[in-house]
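J.: From first to last, the protein sequence lines stand for chains A and B.
Each residue of the first sequence is one higher than the last, beginning at 1 in this note's numbering.
Each residue of the second sequence is one higher than the last, beginning at 1 in this note's numbering.
The set of hints was computed from the structure by calculation and includes no laboratory data.
With the C-beta cut set under 10 Å, the calculated list includes, among others, these residues of chain A facing chain B:
| hint | residue |
| --- | --- |
| 1 | 37 |
| 2 | 40 |
| 3 | 41 |
| 4 | 50 |
| 5 | 111 |
| 6 | 114 |
| 7 | 123 |
| 8 | 126 |
| 9 | 136 |
| 10 | 139 |
| 11 | 231 |
| 12 | 268 |
Estimated spans, in silico, between C-beta atoms of each pair:
| hint | chain 1 | residue 1 | chain 2 | residue 2 | range |
| --- | --- | --- | --- | --- | --- |
| 13 | B | 37 | A | 197 | 19 to 25 Å |
| 14 | A | 32 | B | 308 | 32 to 38 Å |
| 15 | B | 98 | A | 99 | 36 to 42 Å |
Output of the computed footprint for chain B on chain A, the stretches with three or more beta carbons under 8 Å from beta carbons of chain B:
| hint | region |
| --- | --- |
| 16 | 58-72 |
| 17 | 96-110 |
| 18 | 141-154 |
| 19 | 161-174 |
| 20 | 239-251 |
| 21 | 274-284 |
Backbone N, C-alpha and C define an ideal beta-carbon position, used for all residues, glycine too.
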Amino acid sequence: MPVDLSNPAFVQKLIAEERHRTRPPGRWILLPIILVTIAYLIPFYYLFVTVFKTTPEYAQKGVLELPSSLAPFIDNVVQAWTIAHLDQAGFSSFTYALCSGALAVAIAAAAAFGMTRLNLIGANGWFMVIFTGTLFPFQMYLVPLLFGYQRLGIINTWLGMLLLYTAVCIPFPLLVLRNSFSGISREIDEAARIEGASEWRVFISMILPNARGPLIALFLLQFTFIWNDLLFSSILANGIGVRSVMVALQSLQGTYSTLGPNVVITATLISSVPTVLLFIILRKYFMAGLQLGTK
Amino acid sequence: MATTASLLLSPDILKDARRRERRVAWRQTRTAWLFIAPAVVMVGVFLLLPVLVNVILSFTKWQKFTGLDKFAGFSNYQRLFAVPYFSEALYNTAFWVVGAIVLPLAVALTLALLLRNIAFQETFKSLYFLPKVLAPTAVGAVWYYVYAPHGVINSIVAGVTGHPFDFGWIYDDNTVTPSVIVTFVWQTVGITMVLLLLGLAAIPKDPIEAARVDGASSGQIFRHIVWPLLLPTVLVVTILNVAAGFTTFDLLWVMASDYPGKRTLSLAVYMYYESFSNGGWAYGSAIAVVLGIMVIAVSAALAWLQSRVEKSIR
Numbered sequence: 001m002p003v004d005l006s007n008p009a010f011v012q013k014l015i016a017e018e019r020h021r022t023r024p025p026g027r028w029i030l031l032p033i034i035l036v037t038i039a040y041l042i043p044f045y046y047l048f049v050t051v052f053k054t055t056p057e058y059a060q061k062g063v064l065e066l067p068s069s070l071a072p073f074i075d076n077v078v079q080a081w082t083i084a085h086l087d088q089a090g091f092s093s094f095t096y097a098l099c100s101g102a103l104a105v106a107i108a109a110a111a112a113f114g115m116t117r118l119n120l121i122g123a124n125g126w127f128m129v130i131f132t133g134t135l136f137p138f139q140m141y142l143v144p145l146l147f148g149y150q151r152l153g154i155i156n157t158w159l160g161m162l163l164l165y166t167a168v169c170i171p172f173p174l175l176v177l178r179n180s181f182s183g184i185s186r187e188i189d190e191a192a193r194i195e196g197a198s199e200w201r202v203f204i205s206m207i208l209p210n211a212r213g214p215l216i217a218l219f220l221l222q223f224t225f226i227w228n229d230l231l232f233s234s235i236l237a238n239g240i241g242v243r244s245v246m247v248a249l250q251s252l253q254g255t256y257s258t259l260g261p262n263v264v265i266t267a268t269l270i271s272s273v274p275t276v277l278l279f280i281i282l283r284k285y286f287m288a289g290l291q292l293g294t295k
Numbered sequence: 001m002a003t004t005a006s007l008l009l010s011p012d013i014l015k016d017a018r019r020r021e022r023r024v025a026w027r028q029t030r031t032a033w034l035f036i037a038p039a040v041v042m043v044g045v046f047l048l049l050p051v052l053v054n055v056i057l058s059f060t061k062w063q064k065f066t067g068l069d070k071f072a073g074f075s076n077y078q079r080l081f082a083v084p085y086f087s088e089a090l091y092n093t094a095f096w097v098v099g100a101i102v103l104p105l106a107v108a109l110t111l112a113l114l115l116r117n118i119a120f121q122e123t124f125k126s127l128y129f130l131p132k133v134l135a136p137t138a139v140g141a142v143w144y145y146v147y148a149p150h151g152v153i154n155s156i157v158a159g160v161t162g163h164p165f166d167f168g169w170i171y172d173d174n175t176v177t178p179s180v181i182v183t184f185v186w187q188t189v190g191i192t193m194v195l196l197l198l199g200l201a202a203i204p205k206d207p208i209e210a211a212r213v214d215g216a217s218s219g220q221i222f223r224h225i226v227w228p229l230l231l232p233t234v235l236v237v238t239i240l241n242v243a244a245g246f247t248t249f250d251l252l253w254v255m256a257s258d259y260p261g262k263r264t265l266s267l268a269v270y271m272y273y274e275s276f277s278n279g280g281w282a283y284g285s286a287i288a289v290v291l292g293i294m295v296i297a298v299s300a301a302l303a304w305l306q307s308r309v310e311k312s313i314r
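Chain B with its partners taken away, still in its complex shape:
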C-alpha cells in the first residue's frame, strides 16, 4: 500500500502528468485557434482595422480626386464646429435619439397592454411585426408618397375637413424630422411590442392578484408592480432603439431626398452627404469619429444602468 502511494505521488510522475496535461491543453488551444481564426480574421480586417484607419484618415485632407498627401491635424474637427450644419445635425440627432427612445416604447406599451389577453393575439402580433421585415428603403419609398403633397395623409385630411389640403410634410423645416420619426415608429413598434409582451408574460401573476384583492387600482398595480418588473425589458428595448436613433440613415435618405436641407437631418446623413455627395472623405471620417464616440458613450451609460437595474432586482 505504502509503496504504491509513494510511487503515485513521486515528483517525477507528478511532473510528467502535469506536463502531459499542459500538452493536451495546448493541443486543444491550438485546435481552438483553427476554429476561431476565420471569425477573428474577418472581424479584425473588415471591422476593427477600418475603425483605426477611420481615425487616422480623419486627420488628413483626403478628398475625391486628390491623393492622400498630407496630414491636416485637427482641421477637420475645427471645421465641424465652425459650420452651422454640424450643430443643426447634432440637434436633430438628439431629437431622433429622444424620439426613438420614448415614442416606440409609449406606443408599443399601450398596444401590448391592450393586446395582452385578447383573441387572435398572434395575428395582431404578426401584422404589427411585418413592417420590420421590410427594408427601410422600401418603407421610406412608400411613406415618401404617404407624405407627398398629393399623398395619403393630405387626402385623408382633405376627406375629413372637406377642404383641399396639400401640405408638404417633408419639405417643411418644422415637420420633416417628426414625420420621418413617425415612419420609424410605424416600422419599429411591432418588434418593441413583441419584446414587451414577452416581458409582460414573464411577470408572475400572484403579486398582481394579491394587490387586486387588497383593493389596488389598475394604475397603482401598473406603477408599483408591473413597471418595475418590466424595467429590464424596457432597458433592452431602449438599448436597441438608441443605436437606431443615432444611426438611422436609409429612411432619412430615401424619404427626405427632396428636402433642401437634407444634410442637417442627422449626423449619419451629414456624414454620408459630406463624404459621398461632396467627396470630402477625410471630413466625413471626422464626423464618423464624433458619431462613434457619442454612440459608445451612450451605450456604455445604458449598459451601466442595465447592470444596476438587474442588481437591484436580484
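Chain A with its partners taken away, still in its complex shape:
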C-alpha cells in the first residue's frame, strides 16, 4: 500500500498495527510464568516451614506441611548458634568481608588510577600481570598457600585470611575500574594539577567521587564473595576462632551430623541474612555490578 496519509483506510491500518505492536502480551502468558515461579520458589518455602519445626515434628510430618507453632524457631536459632559457634564465625567472616573487600577495592582503584591517569610507562604490561591473576582456577592456589602459610606461621590466623582475600579480590575490580576511570573526562584532573593538586589529591577528590556507583557495586560483589567462601577458609583457617561462617555451617551438615534438619536449615538461614539484607537494600547496585562483569 502506498504511503498516503490522506487515505483514511491506510491511517486506520497504521493505527491498528501500532496497537498490535504495543499491546501488552495476553494474560495467558502470565499463567506459565506464575507456575514456573512457584515451582522455583519451593526450596524457599521448604526453608521457611522447616525453621519453625522441632526435630520430632520434622520427622513425623510431611516436609512441606505447615508447622504447628512458630515457637520452635527460637530454640532452633539457639541450638544452631551455640553448636556451630556462629557468633565467632560470623564475626570472623564479617571482618574478612568488610576489611578485605574494602581494601581490595581501594588497592584496585589506586592501581587503576596509576594505569589510566598517570603516564605510566608499560601500563598495559602491568595490567596484564594483574589480569593473569584471574586466569587460574582457585584449585591451583590451595596447596601452595597451605605450604607457604605453614612456613610463615600464618595458618589459622586472621592476618593470613585477610591478606589472601584481599589479593583474590583485586583483579576483577581493577578490570572494571580501569574502564570506568578511562571514561572520566581528563580535563578535571588536568585542571586540578594546574591548580597545584598532588596526584594523591586528584585521586581522592576528583576520580573516586566520580566512580562512586562502580565502587559500591564492586565492594558489594567482593563482600558477598568473601562472606560466601568455603574453599579457602576450610583449608587455611578452620579453627573455631578464625573459621568462616560457611565452614561453621558445613560442620553442622552431612553424615556425622546428629542434628535435625530443622537446626541445619536454621543455621543456613542465619548465615544468609547479611548478604540477603545487603541485596534487598542495595539491589540497584547489585544489578549494576552484574553488568560491570560483562563489559
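For this one, chain A is given, so just place chain B on it according to the hints.
T.: What follows is chain B alone, placed relative to chain A:
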C-alpha cells in the same frame, strides 16, 4: 622574527625541553609505581607465586606428615592416568561443563523471552536472582534435604502418584551429578536471565518490525534476527558459566557429602579430596595443574570465538 624562531628551535633548547619532558614523564611513572605497587605485590605474592609453586610441588612427593624431601619426576602425573578415579572425575567434569553451558542458557533464555514484556518484571527478576546472593554452601545444605529420601522431591512425587517414594537422588551413581547440576541451574539461572534480558533490550526494534510486516513468523524472527544479535551476550554468559562448570566445588562437596564415590564427582572435588582428606598434597597439586591447563585452554578458545563473533558483527 627570524631570530626568535631560530632561538626557539635551537638544538640546545630543544634538547633541554625534551629532557624536561622526559623527566616529567619519569616522575609521573615513579608516582604511578606507588599507585600500582600494592596491587602488583599482593597479586604477585598471593596469586601468581602460588601458581608457580604449585607447578613445582606437583613434581615432588610432599605429603601430610612427611617433609618436602625429594623430587619425584612425573610420578604424580603417571599416577593420575593409572587410577580409575581420575578418568571418572574427568568424565564428570566434562558432563558438568556441558551442563553448565547448555542448561542455564536454555532455561534462562526461555524465561527471558517470557518475561520480556511483562508487568512486575523487576519483581520476577529479583526473585530469580536471589539464590545467586546465597552461598553455594547454604544452597547445598538446603538442597541436600530437598533430595533426601524423605525430602521435598520425593514427597511431591509421592503426593502426585499416591505411592510412597524414597529414592536417594544423591546416593545413586546415575542421578548424583544431574541432581547437583539442577541445583546449579536453580542458582545461576537468575543471573543468566538478567544478562540475557539486557542483551535482548539492546536489540533494535526496527528490523524485527520490518520482518513482521513482511510476514515472518516468530520462530523465523528469533532464528534470523534475535539470536545472531544476542550471540555476543550468549558468549559472555557461556564464558562465565564454563569456568563455574570446571571449578564448582562447594555445591558438590556439601550436597554429596554422603555419596561414597564423592572423589570422582569432578576434578575440583578430586583435587580437594586427595589433597586435604587424604593428605596427598603433591598429588593434589598435580591434579590442580591438569585442571588449570584445561580451564585456560577452554577460556582461550572461547575468547578467540568471542573476538571472531564481535568482528563479524561490526
